[in-house]
Structures are given as C-alpha cells and as structure tokens.
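Asker: The chain contents come next:
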Amino acid sequence: MLYRQRTLDLPHGDVETPILLPVRNVGKRSSDNTPEYVGTIPDLPTAMINARSIYQRAPMWERLQEGVTLREEMEVPEDTIVFADSGGLDFDPTGPDITPAEMLSIQRHLDADIYGTIDIPLSRENWVEENHRRVRQNIEYAIQTSEKHREDDASLLFASVHGYDPETVRNNIQHLEQRGDFDGYALGSLSLIRTDYKKTTRLILAARRATDKHLHVYGLGGITYLPLLLYLGVDSFDSSAFIRNAGNRNYLLPGFGGKELHNIDHLDYLPCPCPVCGTRTLDEIRVDRNLLVRHNLWSMVTELRRFRYIAASDKDVEAYLDLRFQDNEVTQRAYRAAKQQVRRLV
Amino acid sequence: MTQHGFTISDQKRDYSRFGLEENPFPYSPVPDDEPDIYCGQEHVTEAVSDTVSTVLSTGKSKHLVVTGKYGNGKSHTLKYTRSLLRDREDVVVGYVAQPGTGFLDIYHEFMADLGFDYVQQVAYELLADVARNETEYNPIGSAAIKSLIDEGEILLSELVPPAIKRLSETAKFADFARAVVHLVYEDTNLYAWQWLTAEGIRYEQRKELEIHSALDDDTMAVRAFTSMKNLLIELGYDAVFVFIDEFESIARLSTKDEQTTLNSLRHLMDQNNSGLCLLFGCAPEVWQDVMSEYHAFSERIGREVALQPLTAEQVYELVEQYLNPVRNSGKQGIAPFTKETLEFVLQQSQGNIRQVLAICSRILDAALRQEQKTIGVAVAEDVIESV
Ligand SMILES: [Zn+2]
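The listed protein sequences correspond, in order, to chains A and B.
Take this note's numbering: the final residue in the first sequence is number 597, and no numbers are missing along the way.
Take this note's numbering: the final residue in the second sequence is number 1228, and no numbers are missing along the way.
Next comes chain B alone, as it looks inside the complex (with noise of 0.2 Å):
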C-alpha cells in the first residue's frame, strides 16, 4: 500500500540473503525486560558476580553502585543479573526502574515488582512455617498449607493469631504483621495489599485490618521493607536483592528531598547488616556528586564499578552474540558485516552499546533494501548522514 510516499507493509523481510531469519538488532533502545544476551565488560561482571556472590554466601548484606554513561549498558546490566538471580528459588530480587521522589516510591515498586500474587504466596508459606510448629501437619510451601486449610484439616483459626504473633516478633511491626495475614482473606486481601505497597487505604478499611498506622512516609516505608526482609528471610530464603535503576534521577529532586532519600537508603542498609543487596545503576556524574557530598550514604556502598564505552574487540564480540541466534546459514563470526564497517560503527557511537545496536540495526535494513550481500562502509556511511 503506498500512499502520499508512506509504503506500509506487513510482508516479512527477508534476511536469508544474509543468512539470517530476521533482524536481530532492537529498534528500539529500551533495554529487554529478560534479556538473553549479556555482552559483558569483564570487570563489571566480575564486580556484580562478587557482590552477589559473597551476599550469597556469608548471609551478610553488600551493596554495589554500576556506574556508566546513558547508553553504556546499566539497565542491561541490572536487568540481566536481575534474570539471572529470578531462576534461583532461594532469593527474592525486585526491580525498582528509578527512585521517584523517595524511600517510599522505591519501597512501592519494589513490592509492585514482587507482585501480589508472589507476595500472598510468602504468607501461604508463614502460615505453613506456623503449622509446622503448631499441628501435627508438616506443610511445605504455600500450595501444601492451602489445600489442607481449604479441606478443612486445618482450622484457620489455629494459624492466625501465632502467625501474627510471630511475624510481629520477627519484624517488631504489628500492622505489617496483620496486612501479610490478611492477604490470604479474600475480602480484605485488596486493601491490605494496597496498604503494604503503600498506595494508601482509607481509614474505615486500615480498622477492618486492624491496622493502627498509614504507611506514608520514608520512616515507614524502611520499617515495612525491614520486616518484609526479615520475614523472608525467616522463611529460608538466602537474601533480598533490590535493583535501583536510574538512580541519578535523585539529582533532580531538591536537596532536602535528596537527602531524605540517602538518608532512608542508609538507615535501611544499617538496620539490615544481613541478607540484604543494593544494586545501583546511576550516571557516574550524579553518583561523583553523591560520592563528595554524602559521605554517610556512599560509604556504605562496598563498591562502585564503572561501565566502559566498547572496545572494537567488544563491539565483534557484542555483533556476534546477536547474530549468532538468528542464523540459518553455517556462517559465523561478524558476517554479513565486515571489520571495517564495525569500527565505522565504533567511530560513531563512541562505543555507546545502545547506540552500536541502534546503527546496526539500521545498517542491515538499509544493505537488504539495497539487496547488498556484505554490509561495507559505503552503507553504513549512507544510513549516518541520512539520519
């Protein structure tokens, strides 16, 4: 269909005069939510495997600060460990996509990433930690102690009140307590998830809970999220892992918003020396900022590790890693592109990787338009000064 020079198509590209079934390059620069391809630079993989590792390892909390350029791979980086770390079942990782105006938007998004349904899950599994104790049942996981209290072999009542009891132990926080037992009652599970992910309930409904405070604050919000560490934690999982993404977004908030945020950060890392891990991803300008200016807060981030523009080698290897899924030929290394036109690419991205993924993806649909059959300069230069 063309119309007024707009030709709209669904026909399929064909790729296979390259050997490949489709473009495996992003149009757009948004980062995959489960990427599959992880490009590395050494040193940062290195200092995110450690952290992790050594948080997985001694139960003790460490915090690790990625820093790079718009476009040098940090959401990539977070995303990617993030996928890495969701296929184990020991750990519980949330994703925060950028602080917002402070603690409590990071605490909202990061139980918005558990999701209700993960997190009536954890209160299944309390109350089959509480039957363990308290019946002669040995429950495992949350689909165990659901159909024994649906069969009624279990009276929910047995469970209730020592779960609350214990949990107000484990967290010292009572209507914490209440809002994660609640979530396993139909009639109330809204509001009390409404009220720990912050989003507010009305008075009338926080009575029906029996929930004393409003959990609308920073103070609040490290409460709540302590005592959802220490109830997983108590529940056997090895350690909770938060993903900040964006974090030089901070640097646009005043100054005295800026500082509760860092404050709440560090009273959070202090209140949790054990099971805990910070993962930042911030612009290297903002996190220099925060590094001379709040010295309380940075000092407790055990590292900063810094994403590098690519190296040409890096620039083969990432090309490769794309192409290589998407082949039906026995081809391999950086065909259909050449050497040439790779640090061409370099030249002008100054080895930003969103931007390396950005041209190439262009470059091939430009060298298949021209039924090119290897992708030299000539196009790539095409595709830059056509832009």
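This is chain A alone, in the form it adopts within the complex (with noise of 0.2 Å):
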C-alpha cells in the first residue's frame, strides 16, 4: 500500500496529510457558492481557490487591492489553508491571458499557502501535436514560475503536470525536477478521463513512483474516487464534487456513491449522523441546496477519516477497501487493476 500520512508546514499553519480540499467558488458569480464549512467541520481548514477568476472579478479584486484580506472575502478565518491553482481550465487553450510572473504575484497578493503553476489541460483529441505542444508549454511555465518563486516566499509551490500516459507523466516530472524548485507536483487533466480508471490509476502511479515530493490531483476526488486516491499514496486532492452532486439533487453516501434524493421516497431518519442529516428528515434535506452540499461534504470527510482509522488501527485496507468497492462493478474492477499495479511496485 503507497497511503502515506506527512505533516506540510505551510505559512498559515500546518495541516496533516492526506487533506481534500474543497473547491472554494469565492469570485465566480454564480448562485452555486459554497456554504460555510470552515470551522464546522474540523478537519477541513482547507480550501482550492481559482487564483484567475479572482484577479478577473473587478471588484472583488479592488477590495483585495484595497486591504481586505482573501480570508476575509472568503469569509473564513485567517488560519485557513489556501491552495491557489491557476484556472487552467478557463483558459483559451491557445494560451493564457497571464505570464507566469503576473500568476505568482496574484497568488502571492492572495497569500495562499500553495501555488499552483499555469497550466493548460489537454484535451482528448489531438494526441500528436496539440497535447504535446501543450505539455511543453505547461512545462516552460513551471520552470519560468520556479525561477520567480523567491527564496523567502515560504508558500510552497506545485508544478502542475499533464500527460495521458505513464512515460509523459513520468518523463515530465523527472525533468521538472531536474529544471526547477518545486515543494510538491499537482497531477491534472484527470477530469476528462475519470471514467476510464485504469488509465487515471495507471497515471497517478506513475506519478507517484517519479517523485517522493507531495502529490496533489487535480478535480477528481469525487466521494468514489477518495479511497482510491488515498490508497495510491496521494497527499492531497480537491473536489467540487458535493457541490456538483448537490447541484443533481444527488445524497452522497460513503460506500454507495451518490442516489438520487427524487428516487428516495420516503424515510423518517436519514442514514447518515452528520450534524446535518442527524436531526432533520428527508424533507428538509430535499429543500435545501445549502444542507445538502454540507451533507456531501461531511460524507466525504467520513471516508477519509474512516480511511485513516483503518489505516491507524492496522485493520487490512485492502480488505476495507474490497468491500468498499463491492456493490460497483466498474469501481470494482478499477481497484482491482490498481491493486495489482501496486503490488508489484511495493
């Protein structure tokens, strides 16, 4: 088994790993924004912040500029940990808006505590000559960005890494190492490949075997996927994942995934303990967007916690993890696959 457990010492404080972290929606304008969670629920001092969308939010950005602290804007105290990546996603994929520069001085201005390097994701398409051209540039912008990161900024920074195969993985972070500065690698483009889960296994390993640094993965740590990433010895990982599936009206349960709440017609007690479903009814749940992205959160934060006791009390985590993945044929046969992998690697 490659579950590691570490301690980052980041300037807002140090936090245990392996941590999720929440994907915090602060400067995007929409009504989907993420209930309060820092505070309730312990361990979660954490958030992922989209550095870009901020900087891009005139007035939010003004009031930054102005004195206000992110933490404040946020709403959360100062002691939160922020992992700032650099919205990738929205980028054009002919190029960002921003230099690697101008990047780091709005994370730095944000004070987070990671950095994330500019990245632009690949697409499935096009695996000859744009992916490539892609990972290239992606590279150019984490070395460009581990010669601007000072010296005496202790904010750690991640070089964002892409690639569809293991040797492209591989090769990248082997060069990133040989280039650059970084405290930690941050494993993207897994989105758009997460249903084929040998591949997305397979990439992550390979990850994991080029560097010994910490190891985040981008936007996959769906409530199925958590114990496979916590199991393939990831540190950390965010997810708007209870966002997305609140957004479906979808109850996410450890072990379950997530059920529809229309396809639930009746219960007097709902099946989890949570400080939100343990004294409401299904009802009130349904109502309530707000609830229920809490609920999803508190669901994934009992699989992590019931991962690390069964790790902590030398239960056998593959057998935790055979039930885990029992009732899901697909899931299932993920685990297998990477339980073979990662056998013959240990």
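It is worth saying that the hints were derived from the structure and are not from the lab.
No residue lacks a Cβ here, since even glycine has one placed at the ideal position from N, Cα and C.
It is possible that some hints are incorrect.
As the list claims (entries may be wrong) - Distance condition first, Cα-Cα at most 25 Å in a straight line; then the derived DSS-like pairs of lysine-lysine: (1) A:Lys590 to A:Lys449; (2) B:Lys1006 to B:Lys987; (3) B:Lys1013 to B:Lys901; (4) A:Lys464 to A:Lys450; (5) B:Lys1048 to A:Lys450; (6) A:Lys590 to A:Lys450; (7) A:Lys464 to A:Lys449; (8) A:Lys590 to A:Lys464; (9) A:Lys450 to B:Lys987; (10) B:Lys987 to A:Lys464; (11) A:Lys449 to B:Lys1048; (12) B:Lys1172 to B:Lys1214.
What the hints assert, rightly or not - The following residues of chain A were derived to be distant from chain B, with all beta-carbon distances above 10 Å: (13) Phe342; (14) Lys464; (15) Asp567.
Assembly of the complex is requested from the two constituent chains, each provided in isolation within its own frame, with the hints serving as guidance.
Answerer: Here it is in structure tokens:
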C-alpha cells in the first residue's frame, strides 16, 4: 500500500496529509456558492481557489488591493489553508492571458499557502500535435514560475503536470526535478478521463513513483475516487463533487456513491449521523441545497476519516477497500487493477 | 525399464568406442535454426555471397532464388546465410518460414521474426536520431536515449511530434509512423505492435493510437514493409534482408491468390530499388512454372541457383564436418565410417542431404548396438532393410 501520512508546514499553519481541499467558488459570480464549512468541519481548514477568476472579478480584486484579505472575502478564519491554482480550465487552449510572473504575484497577493503553476489542460483528442505542444508549454510555465518563486516566500510551489500516458507523466516530473525547484507536483487533466479508472490509476502511480515529494491530484476527489486516491498514496486532492452532486440533488453516502433524492420516497431518519442529517428529515434536506452540499462534504470527510482509522488501527486496508468497492462493478474492476499495479510496486 | 518390448532408458549412450562424445547427426530432419555447419555446394555459396555482397557494397537491391528438391538443403542454406548476416550490426534480417496465403502473411512473419523488442529498439533509435537534431544532446542508440528520457533530461513531448513528422515524410505513411512511435508507450505499445504486425486491432484501439487505416491487405502490407525498410535505411542500416523459405507453397494457392502474391512481391521490388534483398527458397518445378507464367515477377529476380544432389566427395566432407566437433580422439576423416559405407549411403539417399544425415544417424546407433568398431556396409544394409 502506498498510503502515507505527512505534515505540511505552511504559512498559515501545519496540515496533516492526506487532505481534501474543497473547491471554493469565491470570485465566481454564481448561485451555487460554497456554504460555510471551515470551522464547522474541524478536519477541513482548507480550500482550493481559482486565482485567475478572483483576479478577473474587478470589484473583489479592488477590495483585495485596498487591504481586505482573501480570507475576509471568503469569510473564513485567517488560519485557513488556501491552495490557489491557476484556473487552467478556464484558459483559452491557445494560451493563457496571464504570464507566470503575473500569476505568481496574484497568488502571492492572495496570501495563498500553496501555488499551482499555470497550466493548459490536455484535450482528449489531438494526441500527436496539440497535446504535446500543451505538455511542453506547461513545463515551460512551471520552469518560469520556479525561477520567479523567491526564496523568502514560505508558500509552497506545486508544478502542474499533464500527460495521458505514464511515460509522459514520469518524464515531465523528472524533467522538472532537474530544471526547477518545486515543493510538490499537481497532476492535472484527469477529470476528462475519469471514467477510465485503469488509465487514471496508472497515471497517478506513474507520478507517485517519479517523485517522493507531495503529490496533489486536481479535480478528481469524488466520493468514489477518494479511497482510491488515498490507496495510491496521493497526498492531497481538491473536489467540487459535493457541490455538483448537490446541484443534481444527489445525496452522497460513503460506499454507495450518490443517490438522487427524488428516487427516495420517504424516510423518517436519514442514514447519516452528520450534524446536518442527524436531526433532520429527508424532506428538509430535499428542499435546502445548502444543507445537501454540507452533508455531501461531511460524507467525503467521513470516508477520509474511516480510511485514516483503518490505517491507524492496523487493519487490513485492502480488505476494507474490497468491501468498499464490492457493490459497483466498474470501480471494483478499477480497484483490482490498482491493487495489482500497487503490489507490483511495493 | 523393459515393458511389452519397449526399452526406455535415460542412460547416456556411450559412443566412445568410436572416439565420439555423441551422435552428431540430427535425428529429426528439421534444419537447425542456428546451423553452424554448412557443407556448401560451391556454386550456391558463391551465388549467395555475390548477391549479399552486391547489396551491401552498392546499396542497390538484388534478389536470388535458391532452388533444390526437398531435402537438398534450401532451408539450411537460408538459415545458415541468415546466421552469418545476423552477426552484423549494419543489416536487418527477417526469416519467413513460408509465404502463407499472400504478402500480408509474409509481412506478418517478417515483423514477427524481427520481434517486438527489436522494433521497439528501432523506435527508440528514431527518437535518438531526432534528439540529435532537435536538442543539445547526442544520444547514440536506444539505451542512451532511453536513459535521457527516464532521467528527464529530454522531454518526450519534444521528440515525439518531430519524430512522427519525420517518419511520416520518410515512410510516406503517417499511420505507420504513429504506430512505430507508440511502441515506446507502455499503455499502447501492444496495440501498436498488433497493428504493425498486421494482426488487426479494434477500431477503438486504433482511434487511441490516432491510426486511421487498417493494415489488412497486401497493398497495405507492401506500404508498411517499404516504410519499415526506409526507416531502417534512414537510421543507418545498410540493407534489409528477407528470407522466404518454402516458396513452392504458393503453388497450393488459387490462381488468383498466387497472382496477387507475386504481384505484391513485384510491387515490393519495384518500390524498393535500394537496400533490399529477397532470398527465396523454392522447389525447382514450382520455380519453373513461375518463370514461364509470371514474367513480370520472375524477371525481377536477379538470379537462380540450384542445389544439386551431393556427390561422393561432398558426402565425405559433410560427414567429416559433423563428426569433427564431437571427436574425443585424435582420429580424423570419415572414421568410424568407411568410404564403402558412405557410397552405399549416397546410393540409397540419391545425394539428398537430409536423407544422408538421417541414415548416418541410424547407422551410427546400429553399429553401437552391434558393438562394432568401424562401420561397414553390412551394418548400413541392415539399417536400410529394417526400414
Ligand atoms: Zn449527513
């Protein structure tokens, strides 16, 4: 098993990994904003934010320029741990509208604890020309960022790495190890191939083998992937699955994935003892999206806690995961494949 | 252990009474894959050497047919020549045991004989070549480029697009280029190899490799072969040799298939007027028919050389060549055989090399059982009569 626990020493405090970073929609003008969770869920003093979208939202950016802190803007305590990624998914694929130096100064201004380098995600097509160009471009951005990342800056710098095959992922990380100075690596472009569990697993393992440094996985922290990521030795991951699922009225439950609420007739008591569900009825949750989002987040935290418990109590993690994946044929196959690959490594 | 008349024993037979460590003659008539004995017929070795040397020295293509009746040593000649060429680093040799049902099969056998590891190594050599042009590094060979990639010195993404572009230009076959480059990716190299060997892959797999065409007929196989040859030549190999054995089996094809196969081979020769050497092994009667019926094909073959039945002198020489490596006494020549015995063998085998070897093998064992010291005609007669 590649699961590991470490401590990250960050400007706003220490964090025990592996850790989930919920995606905060701060800066995005949208109705599906993230409800308050920092403080109410004790093991989530963390947030993933999109640096570019904050920068692009003029009123907020002005307030930040005038001295309001990001954490005030987010209405979270000042010791909240923030990972600011570059917002690569929103870039025009032909190229970002921001230079690595500008991005770094925005991330610094946001007082983020972790910076992710500018990246352009890969497309599923265009294997030969376009994706190789993007891979090279992302490497170049990462190296440029590393050169600008001052030594007196205590925030960590993670290089964003993209590739659709293990060789490219490994090769990119080795290359960046040689040419730059990074505190960790963040693997991207996986959400487009998320249904291909086997491939996704192989890419994560390739990254995990290529470096002993911190490994973050972008945008893959759904409730099904979560235990798999922990098993593969991923140190952190971000997720907006709890929001997206709530948008679809999906009630997340560890081991069961999501269940659409309109498919459930009536329940006197919900199957979850979290602070949201413990005292409420199904109908109350059904009508309040915010409650559903918060419950979904609790579900993910519960899954994370259980895994930590299994590992801490010397129980057989693989037996636990066998059980965890037994109801879903697809994820079961994915887990079996991952198990074989991991055993070959250990 | 004796049971129902069978005597099965793993006790090593003792040939020391003949001054031999073992019976050196093959029991089965299948030629060795790596023969180290060649009792050549001088005109054949000359013709083969001449063809091979011309290709190597001029770079121009040249082809040869070796004819001979069954058992006269065609396969042995081809395999022996192959083993000589395989030691050279500047050429590529593929052996095709028989032509199958068309050129697609020949191509498949050729690639399979080169093998996955070898062709993957060629793919890395291509990347090395690109790296020498595109980067400050100067990797020579597949191991060097592999370690540069593994260590992250060179970005794979810097090499792959220009490698595909260059190979597409050389090969004039973009799909082939993509398949070759995919051999370096562990997720896709099996599909790529299946496509390259014309084993066929599913549409979704082809899509993943961004390969548009199916390699499933003679025309595509000729294209792919030519691409492979051009790639190898561009990487600095002097020539590609294809040994096609049992060519006479094309006579078993339908007239249409036979014609298609010969046409494909003709196209192959026409499209590769440099760096290619085809060496056929064929029964003389089938070659006669090809000569008279398919001029367009046969006139492109530079030369035909015929293996003849062995003469007495050649039988002596052959037997001696087999005996010498296993001798543990100072004896020389054909002993423990006598000239008379071998003349009898020659007469019985009609100079067919395969039969000569088979009979000698049996005679040696019979003489051992009869506790003879030298092998006289009487033993040989016993053996022949018992068959
Ligand atoms: Zn709940």
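Asker: None of the hints should be skipped; say for each whether it holds.
Answerer: Outcome of the hint check:
no. : hint                   : result
1   : A:Lys590 to A:Lys449   : holds (11 Å)
2   : B:Lys1006 to B:Lys987  : holds (20 Å)
3   : B:Lys1013 to B:Lys901  : holds (21 Å)
4   : A:Lys464 to A:Lys450   : holds (22 Å)
5   : B:Lys1048 to A:Lys450  : holds (16 Å)
6   : A:Lys590 to A:Lys450   : holds (13 Å)
7   : A:Lys464 to A:Lys449   : holds (23 Å)
8   : A:Lys590 to A:Lys464   : holds (22 Å)
9   : A:Lys450 to B:Lys987   : holds (23 Å)
10  : B:Lys987 to A:Lys464   : holds (24 Å)
11  : A:Lys449 to B:Lys1048  : holds (18 Å)
12  : B:Lys1172 to B:Lys1214 : holds (13 Å)
13  : Phe342                 : holds (18 Å)
14  : Lys464                 : holds (14 Å)
15  : Asp567                 : holds (30 Å)
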